[in-house]
Amino acid sequence: MIQTDICVIGGGPAGLQAAIVARELGARVLIIDDNPVLGGQLIKQTHKFFGSKKHYCGIRGIDIARILSHKVEEMAVETINPATVIGYYDDDSIGVLKHDSLFNVKAKRYIFATGATENMLTFENSDLPGVYGAGAVQTLMNVYGVIPGKKALVIGSGNIGLIVPYQLLQAGVEVAGIVEILDRVGGYYVHAAKIKRAGVPVYLSHTIIEAQGKETVESAFITRVDENFKPIKGTEKRIECDMILIAIGLSPLCDLLYQAGCQIQYIPELGGNVPVHNEDMMTSRPHIFVCGDLASIEEASTAMLEGRIAGASAFQTISGENSNAQAVIKDAKSELSIIRKSPFEQRIISGKKKFKKG
Amino acid sequence: MKGYIFEHPILKFSRGKKVKFYFEDKELEGYEGQPIAAALHAAGIRVLRYSERYNRPRGFFCAVGKCSSCLMEVDGRPNVMVCMEPLKQGMRVYRQKGRGRLR
Ligand SMILES: Cc1cc2nc3c(=O)[nH]c(=O)nc-3n(C[C@H](O)[C@H](O)[C@H](O)COP(=O)(O)OP(=O)(O)OC[C@H]3O[C@@H](n4cnc5c(N)ncnc54)[C@H](O)[C@@H]3O)c2cc1C
Ligand code: FES
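Line order of the protein sequences matches chains F and U. Mapping the first sequence onto the numbering used here, position 65 (from 1) lands on 729, and the numbers just tick up by one. Mapping the second sequence onto the numbering used here, position 54 (from 1) lands on 70, and the numbers just tick up by one.
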């Protein structure tokens, strides 16, 4: 059994910042991540990020990942990767699977930063190969340099649904269009403008009803919807494509927290079922902390700030009150409140207020 | 090799050495260390298994080890998540039917 002070599960922006802060404050820290390279979602983001200046705004996601993982290395944070945390046990240890070996890790505090998983959409033949998560195609194309297909239809026009088609074009893949059930584009204006300039059709008030193909996707049927989102008969349109990318949202990956006995609450504003946590990112079990997309589907900038809070709070619960830790927490909280003033972030604020007390 | 991006406005790809592997006993080429699913996809193979009850074709969905849509038989073992499993020289990969079998 490996022992440590603080074990961070997930090496995305949230987990890396949590680990960096806890290590800086003097804790022994171990990061476990299931990818061969650290950085989580960031390793496939080729666009320049928005967010606060102090936290890498204007830098490409891939470069933020590099900066953070370099820091982790420099500071001698222990890392085990690629390895998957597969269980949380009664003795408060976790099970780790690395290749074919399974072993336990026991930490005084755990910080879960497992991020989120892509939501699926059901329609006729939605199980056909070629119906992919938008993030999956991004991984294939931006991390492994594989041409994902010839022509993609994207479902959903949030930031992911706007950024991924742009990246497809950069990689030389055609984009047949973006389908959005609402009457307006969901993501940021900058991303939407780029897509418009590239001449990609955006089908507003439309949804997908069927994928067609023998063994893999060959085309899709979309249709216009009425104000109750019901398909309008006679408006069906066939679109030729060999990929249908689903970009309708993410759900927090909280399976391990269920196992750990942490209280989970359904809060749609935060992305669905989320672990209940307080302002210091502590869950209903005082030795378990959460941060990033796992705590609320948001952005890398806020994930990093929450990570810093989680790292410092977890440290304080071991060491007792510490002025350096308090300074980190205060700083991160004030930056979070600035970012969350944006109209896009209002749902997060109202969502976080919904946690049951006690 | 076909199926890969070599020129990209922003990214440079570092790849492992070229290796040979087998899909349904047919020899294919890929790069060592990349996920098996990536090598297959680059070779134009998108059907990875057939579902248990209705024998429906399945490909990958999440590509990050979260959905179990990509289970194949690799070197005699069923239920290998090929979106995560690194490719090695000489691997033998088969489409899994239902729960698969030990070879
Ligand atoms: C297309 C796209 C564009 C985006 N653009 C922006 C942007 O411009 N600006 C911005 O601020 N944000 C952006 N984001 C959002 C941002 O990427 C995420 O909010 C952020 O990455 C969340 O960080 P995280 O650390 O919580 O999770 P993640 O980055 O998802 O990291 C979680 C890590 O944990 C690992 N993990 C999960 N479970 C386990 C387990 N059981 N065992 C071991 N490891 C595990 C995962 O594999 C992963 O490596 C974008 C996201 C996408 C998909
Ligand atoms: S594609 Fe989801 S686990 Fe492999």
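For the record, the hints were derived by calculation from the structure and aren't laboratory data. Positions of the beta carbon are idealized from the N, C-alpha and C atoms, including for glycine. Honestly, I wouldn't trust all of these hints.
[What the hints assert, rightly or not] Below 30 Å or equal to it, Euclidean Cα-Cα: the simulated DSS-like pairs (lysine-lysine) are:
1) F:K1005 - F:K994
2) U:K34 - F:K772
3) F:K901 - F:K858
4) U:K42 - F:K994
5) F:K1005 - F:K1017
6) U:K18 - U:K36
7) U:K113 - F:K770
8) U:K36 - F:K878
9) F:K1020 - U:K33
10) U:K28 - U:K113
11) U:K104 - U:K36
12) F:K878 - U:K33
13) U:K28 - F:K858
14) F:K712 - U:K28
15) U:K104 - F:K712
16) U:K18 - F:K878
17) U:K33 - F:K1017
18) F:K735 - U:K18
19) F:K735 - U:K33
20) F:K1018 - U:K33
21) F:K814 - U:K42
22) U:K33 - F:K894
23) F:K712 - F:K770
24) F:K814 - U:K36
25) F:K815 - F:K878
26) F:K997 - U:K34
27) F:K735 - U:K36
28) F:K772 - F:K814
29) U:K113 - F:K712
30) F:K770 - U:K42
31) F:K860 - U:K28
32) U:K28 - F:K878
33) F:K1018 - F:K1005
34) F:K762 - U:K36
35) U:K34 - F:K762
36) U:K34 - F:K1018
[Unchecked claim] Sample of chain U residues facing chain F (criterion: CB under 10 Å; computed from the structure):
37) S85
38) L87
39) N95
40) G106
Hints, one by one, checked against the model:
no., hint, verdict
1, F:K1005 - F:K994, "holds (17 Å)"
2, U:K34 - F:K772, "violated (44 Å)"
3, F:K901 - F:K858, "holds (25 Å)"
4, U:K42 - F:K994, "violated (60 Å)"
5, F:K1005 - F:K1017, "holds (15 Å)"
6, U:K18 - U:K36, "holds (15 Å)"
7, U:K113 - F:K770, "violated (39 Å)"
8, U:K36 - F:K878, "holds (29 Å)"
9, F:K1020 - U:K33, "violated (54 Å)"
10, U:K28 - U:K113, "violated (37 Å)"
11, U:K104 - U:K36, "holds (8 Å)"
12, F:K878 - U:K33, "violated (35 Å)"
13, U:K28 - F:K858, "holds (23 Å)"
14, F:K712 - U:K28, "holds (17 Å)"
15, U:K104 - F:K712, "violated (35 Å)"
16, U:K18 - F:K878, "holds (24 Å)"
17, U:K33 - F:K1017, "violated (52 Å)"
18, F:K735 - U:K18, "violated (37 Å)"
19, F:K735 - U:K33, "holds (29 Å)"
20, F:K1018 - U:K33, "violated (52 Å)"
21, F:K814 - U:K42, "holds (24 Å)"
22, U:K33 - F:K894, "violated (52 Å)"
23, F:K712 - F:K770, "violated (38 Å)"
24, F:K814 - U:K36, "holds (25 Å)"
25, F:K815 - F:K878, "holds (17 Å)"
26, F:K997 - U:K34, "violated (49 Å)"
27, F:K735 - U:K36, "violated (37 Å)"
28, F:K772 - F:K814, "violated (50 Å)"
29, U:K113 - F:K712, "violated (43 Å)"
30, F:K770 - U:K42, "violated (45 Å)"
31, F:K860 - U:K28, "holds (27 Å)"
32, U:K28 - F:K878, "violated (35 Å)"
33, F:K1018 - F:K1005, "holds (18 Å)"
34, F:K762 - U:K36, "holds (25 Å)"
35, U:K34 - F:K762, "holds (25 Å)"
36, U:K34 - F:K1018, "violated (53 Å)"
37, S85, "holds (8 Å)"
38, L87, "violated (13 Å)"
39, N95, "violated (13 Å)"
40, G106, "violated (18 Å)"
In this structure, the hints that do not hold are numbers 2, 4, 7, 9, 10, 12, 15, 17, 18, 20, 22, 23, 26, 27, 28, 29, 30, 32, 36, 38, 39, 40, in rising order.
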